[in-house]
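**Q** First to last, the sequence lines map onto chains V and H.
Counting in the UniProt record's numbering, the first sequence runs from 1 upward without gaps.
Counting in the UniProt record's numbering, the second sequence runs from 1 upward without gaps.
The hints are simulated quantities; they were obtained by calculation from the structure and are not laboratory data.
The beta carbon of each residue, even a glycine, is placed where N, CA and C say it ideally should be.
Pairwise CB distance ranges, derived in the manner of DEER restraints:
#	chain 1	residue 1	chain 2	residue 2	range
1	H	Leu-17	V	Lys-186	45 to 53 Å
2	H	Leu-17	V	Glu-226	30 to 38 Å
3	H	Leu-161	V	His-456	51 to 59 Å
Where chain H lies over chain V, by a calculated footprint (3+ residues, C-beta under 8 Å):
#	stretch
4	324-330
5	333-345
6	348-358
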Amino acid sequence: MLNWLRKNKRIDHSSSKNNTKYNDIKRLARRLSENERIIRQVYAKSSDVVIKHLTLGKAPQIRALLIYIAGTADVAQIDENVLKPLYLLKEGPSDLASIKNTLSIPDIKEIGSFDTVYQEVSNGHPVLFIDRLPQALSLGISKWSTRQVEESSTEFVIRGAKEGFIESLETNTSLVRKRIRTPRLKIERMEIGRYTHTPMIISYIDGLCDPDLVREIVLRVRRISEDGIYDSGMIQEYIQDVSWSPFPTVFSTERPDTFCGALVEGRAGILVDGSPHAIVLPSTFFMFFSSPEDYYSGFIIGTAIRILRTFYMMIALLGPSIYVAVTTFHQELIPTTLLISITQAHEQVPFPTVVEALIMEITFEALREAGIRLPRAVGPTISIVGALVIGQAAIQASLVSPLMVIVVSITAIASFMIPHYEASNTVRLLRFPIMILASTFGLLGIIFSFIVLLIHLSSLRSFGVPYLEPLAPFKKASIIDTLVRGPLWTMKRRPHFTGSTWNRRRTGH
Amino acid sequence: MTIRLKAIVRRITCSLLISVLILYLQGCADLKEINNIIIVTATGLDLNDEGKVEATVQLFLPQAAASGSSGSQSASQTIQSSVLSGSGDTISEAINNIEKHVSRQLFRGHDRAIIIGRRMAEKRIKDVLDYCMRFREIRQRTNLFVTNDPVPKILEYQPFLEKNSGELLSKYVRKDGNLSVTLKDAVVMNTNAGHSFILPMISIEAAGAQGEKKTMEITRSALFSKNRMVGTISHDLTYGQLILTHRFWQTVYSLKLSPDPGQIGINIQNVKADVHAVIRHGHWLIMANVTGDGIIFENTTRWNMLNSDTIWRVERAVNRKIAANIKDSVRESQKMKSDVFDFYPTFFRKYPEECLKVEKNWNDFYPSIDVQVKSHFSVIHSGIKQ
Numbered sequence: 001m002l003n004w005l006r007k008n009k010r011i012d013h014s015s016s017k018n019n020t021k022y023n024d025i026k027r028l029a030r031r032l033s034e035n036e037r038i039i040r041q042v043y044a045k046s047s048d049v050v051i052k053h054l055t056l057g058k059a060p061q062i063r064a065l066l067i068y069i070a071g072t073a074d075v076a077q078i079d080e081n082v083l084k085p086l087y088l089l090k091e092g093p094s095d096l097a098s099i100k101n102t103l104s105i106p107d108i109k110e111i112g113s114f115d116t117v118y119q120e121v122s123n124g125h126p127v128l129f130i131d132r133l134p135q136a137l138s139l140g141i142s143k144w145s146t147r148q149v150e151e152s153s154t155e156f157v158i159r160g161a162k163e164g165f166i167e168s169l170e171t172n173t174s175l176v177r178k179r180i181r182t183p184r185l186k187i188e189r190m191e192i193g194r195y196t197h198t199p200m201i202i203s204y205i206d207g208l209c210d211p212d213l214v215r216e217i218v219l220r221v222r223r224i225s226e227d228g229i230y231d232s233g234m235i236q237e238y239i240q241d242v243s244w245s246p247f248p249t250v251f252s253t254e255r256p257d258t259f260c261g262a263l264v265e266g267r268a269g270i271l272v273d274g275s276p277h278a279i280v281l282p283s284t285f286f287m288f289f290s291s292p293e294d295y296y297s298g299f300i301i302g303t304a305i306r307i308l309r310t311f312y313m314m315i316a317l318l319g320p321s322i323y324v325a326v327t328t329f330h331q332e333l334i335p336t337t338l339l340i341s342i343t344q345a346h347e348q349v350p351f352p353t354v355v356e357a358l359i360m361e362i363t364f365e366a367l368r369e370a371g372i373r374l375p376r377a378v379g380p381t382i383s384i385v386g387a388l389v390i391g392q393a394a395i396q397a398s399l400v401s402p403l404m405v406i407v408v409s410i411t412a413i414a415s416f417m418i419p420h421y422e423a424s425n426t427v428r429l430l431r432f433p434i435m436i437l438a439s440t441f442g443l444l445g446i447i448f449s450f451i452v453l454l455i456h457l458s459s460l461r462s463f464g465v466p467y468l469e470p471l472a473p474f475k476k477a478s479i480i481d482t483l484v485r486g487p488l489w490t491m492k493r494r495p496h497f498t499g500s501t502w503n504r505r506r507t508g509h
Numbered sequence: 001m002t003i004r005l006k007a008i009v010r011r012i013t014c015s016l017l018i019s020v021l022i023l024y025l026q027g028c029a030d031l032k033e034i035n036n037i038i039i040v041t042a043t044g045l046d047l048n049d050e051g052k053v054e055a056t057v058q059l060f061l062p063q064a065a066a067s068g069s070s071g072s073q074s075a076s077q078t079i080q081s082s083v084l085s086g087s088g089d090t091i092s093e094a095i096n097n098i099e100k101h102v103s104r105q106l107f108r109g110h111d112r113a114i115i116i117g118r119r120m121a122e123k124r125i126k127d128v129l130d131y132c133m134r135f136r137e138i139r140q141r142t143n144l145f146v147t148n149d150p151v152p153k154i155l156e157y158q159p160f161l162e163k164n165s166g167e168l169l170s171k172y173v174r175k176d177g178n179l180s181v182t183l184k185d186a187v188v189m190n191t192n193a194g195h196s197f198i199l200p201m202i203s204i205e206a207a208g209a210q211g212e213k214k215t216m217e218i219t220r221s222a223l224f225s226k227n228r229m230v231g232t233i234s235h236d237l238t239y240g241q242l243i244l245t246h247r248f249w250q251t252v253y254s255l256k257l258s259p260d261p262g263q264i265g266i267n268i269q270n271v272k273a274d275v276h277a278v279i280r281h282g283h284w285l286i287m288a289n290v291t292g293d294g295i296i297f298e299n300t301t302r303w304n305m306l307n308s309d310t311i312w313r314v315e316r317a318v319n320r321k322i323a324a325n326i327k328d329s330v331r332e333s334q335k336m337k338s339d340v341f342d343f344y345p346t347f348f349r350k351y352p353e354e355c356l357k358v359e360k361n362w363n364d365f366y367p368s369i370d371v372q373v374k375s376h377f378s379v380i381h382s383g384i385k386q
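Next up, chain H with everything else stripped away, as it sits in the complex (with noise of 0.2 Å):
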């Protein structure tokens, strides 16, 4: 090897020598070492009486779970997690001011839920779907609720199955016939015409009887409409919702063949909306064929259901059900001028021009617009007794 290739290969090693350890300084920027972070489980947002965002955490302690499991066998009965608030002029500053008495960086890639109170989603939903989009870490998978009570009883609350509220709320939308709307969903709700978007509503129920344990539940839907809570829909009626945007998975329904005294429990699943736009004269209308299946889970009349003529009977008492059930809740959204239906864009894709004329002003059309329902139900098992 020559002298002049020596210094040549030499050069070289210096060089990238010098570039590794350059590139080494800039690492571990990023670096969030396991025992310097605290799980953010749940996230609540709400406004507080002088007007003030105040977040609230849901923090999972590490330490207490860890004693607890190597302990003893009350391992369930330890409190794993923590609840945190903090105010501010903003949800940022809010949230900064809950880390500033936190030992360790509030990690929050792991937020199950998004808890709205009352008043920030009537005043302020706006800021906390601009949050949470622009905060990296928080998901766009994570489920946002709305709720009465007050938020930190909410994160406080010690669900009974799983290990915090925030796991909880999780599990819970994923359950056939309840709303799940995420913060992907919603957002992308929100840019329709009428701005409008739906979300779940939760609420802790009081203990019923002696030894009975307080319960978390989705009660009711809050419907938005520009950026403001415009009023809510019951469960039952979010159905209707949930079947015309094709998110319906199954439920039972009780059904009653007057004149006789007993019931028919059915179970209605595989339902499917075929929703059309039509303008007819200037008449705006939407005409959803909606199918199904039902499966005769109970029956207490006298009617046999292995004959043809009561099992058109159930079907026909189905369809009159679930219709009913369409138009009433397409009704009540009508009435809060909030198209949680997603008509604009059905109709949209039939007459765009027709559409453009009304887009600036779709939440007062809204209203005017006529729903036709068709249900197909057919019992496809009759749950075999003669």
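So that you can see chain V by itself, here it is in the shape it has in the complex (with noise of 0.2 Å):
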């Protein structure tokens, strides 16, 4: 595969004399025709490409052309505001000025060269060439299909905002700009991709973000060079300190209120087009643990949700590790009543153990699997078909016990009650070594297996920023917003990678 890979890096260098036709930097030229030959030959056998000839004004007629793509550029937008203007003019125009005068649309640039042409084209905004003009006009006004504002799919609340990012890169970063009111809020925007030349922005807080994290963002997103851009989680891939860890050093979100609560933190955010997931810089391990209804909806409520979540992230991790050890090698753990009902309904159970446990959680991460990707129309069906070949026939042909039914769908529960969906995965991915290692070594394994995570995560980095804080490192002024919720006005201090000066959250305290 990789191999394969660089082969084809290595095809893409040898053509690149190919490219040059697409590349072409050279300024555009006086005569019309010239600038329209040029054009077609690159927009050749592009059937959606519309090239449009004007004449402009009555007594000296100018000729002009109008190209744009069908479909990115609002027609209506361009017959009322190009196309209308440009035919009522009495004379031809003389310069660029008096067009953009004449047409009422207020985002308009003067382009130079060839490759912004291609650019401006690309992104949708029409471009007004004029004849005996070595510029042209790129016109603001393309409209992209994109779909409404809705709710969130992956992340749910109850209380808070039901607006979630979408495909489109404007919207998500109005709604940004919505919720964070002050020229502070700087959108720095990047194009990524060899050829899909995606849209992406790179956000944050002027004053709050460590201009340093920014610097290293931009480095990082340089450094890409993928042909294709499609989500904001193949950037991600690129830009994460570690590849090799289960655990997602980069936190992504598809909620702009959770956006906006990082940023204002002082963390920089990155939104790509077409992609309704946002990412966060730099991520520690607790923002993943964390859901933005903490916060919204009272401390007392948030703590006692944090606590229950951590412990049910530790069964999600756990639970059937600590259900095999425990019936495997350490029996008189279990009080005497449970271990005869254990030994009772595994009487009949023709596997061991770890066997059987390894058997039923593949079965369900296969029916989760499935039940994400399957249609619509029968998912019902195959809900009823996974609850009844789990359950009630594997029990029934004393395939698996009882207890280890309650064991995967405790686990199963667990699991889905972290909040991240990325950090749920790492959660169920771990869950199987930890398994095999329960049942060689018993609760040994079990602490064995935690300790080595434990230092992995202590090893991590997130943006130079470690994985653990404020845990590890321990940072006493922030330790009260992570497994526990402390009181608003208890978290003076922002994240201690904001650097000294600007920490305080609030004055007067």
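Could you use the hints to bring the two separately framed chains together as a complex?
**A** Following this line, the structure appears as structure tokens:
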């Protein structure tokens, strides 16, 4: 796979001669016909590119050319704000300024080279060429088909905003602007992807965010040389500090309020066009285990829910392993009555406990994965089959013991209690090696794997920030917002990475 | 990545892989798959006529229980436990002989009770304590019992409330007023100067009236001294031992206030004992201050329990009864030269030098100790009725 990728890249370089046509940095010609010839050559075999001849003015007639891609430009606006004023011109314009004044469009750019023309056209901006002028006008009236802003489908809350990011970058930035109304909010635009030229923005709050962090992000993003970027997940994989870790070191969210909360804390964010998932940097371990609702529902409830969540996260990670270890190594740990019912239940089961656990866990993972992919119409069918197969039938056929089903289902519920999907995937994945260790070493194996996990976690960093902060290294000021959620007024300091000069959240306390 | 670095990485990966695989080789050594163990719920130890150790184990049968619970409603009727015996020169040999004819590994981690036969208790109680402490699966919290009945009969006894007699016994000892001695308690008591400890005695009472079931009861208490069972005291006198060793919780007494024909039922609780040792002119004396509360449960006398004079009479009667009980039980134990009241440590704390002089022959010295009991019970609730 790796070799194949490398080979592909090599082919790319060899054919770069062919690419010069598309990366023409030549200046535009004065003659319209010359410009048209080059553009027609570039946009050959592109049926959706519209090239329209115009004649401006009556007395000195001046030819002009409008070029756009059908479906990306707003035709109604072209009609109303471009064509109509241009046709109504009495005399042909002599310079760009007069045309700019004629057109009732706020966003007009003068462009001078061919590659910018292609770029603007690709961005959905119609480009207007005028004869005898070595410049063209890019008209900012693109209109891409997008869906409406709707509730995030992966991060639900009861209390809190129901808006979620969508695929359109402009809409997403407007959602951010709507929440942070200060000119300090910076939105730096970049393009990424050799062929896709996907727009993305790096967003931060000037004065809160460490400038070095932004510099580092830009540096890392620039280094990405991928043909196409279709989701922030691809960027995430390139820019994270450690790739060989099951733990996500880059936090992603679909919720504008979570995103803005992170920005105000002094973090930086990345939004990619075409992806409803925003990235937040740097990210720490506890971000993945907190929900925005923790902050909206009062600190007592918030803390209680966080403790519950932490407890169930441990169950999701260790549940089946502890069951396997205790029932095959440490039977003396089980209350007698429970052990008796376990032995009764296990009497008819033909497999060792670990095999039984693995069968059930893998079946459950398969059901879950199938449940995501399956078409809506067959959903109920599969869930019935799944429930029957995994639950009742397997017990009646004595394939598994009822207790194992309880353990697996509690583990399943527990894994869905982790608010961040990627983090819950990590926990699910880690369950399996721990289970195997538990089946060979008992509780010793569980402790061993737990220690290894802790060592690994404390070695991780996200953009230079220790992953386990504020637990390790211990930061007294922010510990109030980790496993517990202290009252809002006790969180006086921003996380330390914002630097010491700006880290007071409020004055007067 | 340079070639050298690659080689290093490869070497590290290989060594990691090998060490992990080697680790796994020794793994599973402790593995006890749940289908391959059989749970022992109680163990009995006795000597047979040839003087060999006869060990009996009560086993929980998972299959019988599984079929019983999934089948008809006669789950309570199916016998879920079975009893096996084996003999040998030592306890471990006897147990090993049992294991020879069981297809599964005996799992002793849930042994709730160790029942010692009278003959074993009289001759080789030391073996029992040693074996049980040494064998790691047996918990130190396992309860010890002594019985006059044949041990297998006790283990075969099918209680009507619990699954088996082991479970029954482990719940009996938690009842108020019953003596509870765990393996750890016995071993700790055995380290004192007199090497004496006390164990509850159980026996199966024959069915009385028609339809009544046989019951297993804690009837007396066995006293041990110098690794031998030396005698028994009655269940009532055990209260004295429990009070002075601060393990008494509550019980009900019947009082008669003569000349009235009626009786008073009084519940004694919150009993506290303050035990002091005094040596006065070479005279060894134990002074015990016993305090407690009483609640009147029943009154068939003509006395009014709301009258403070009557209450005072009742209190005095209780005090007399408790003091007599304690004194009697100490006297009984002194007859058997078994210091189950832990008097030696009480003296030692105050008079270490004097104690060390008599430590060697403490058991002979013990009967000469005098006991003074002062009892102060107060009736805290009369049970309202006029």
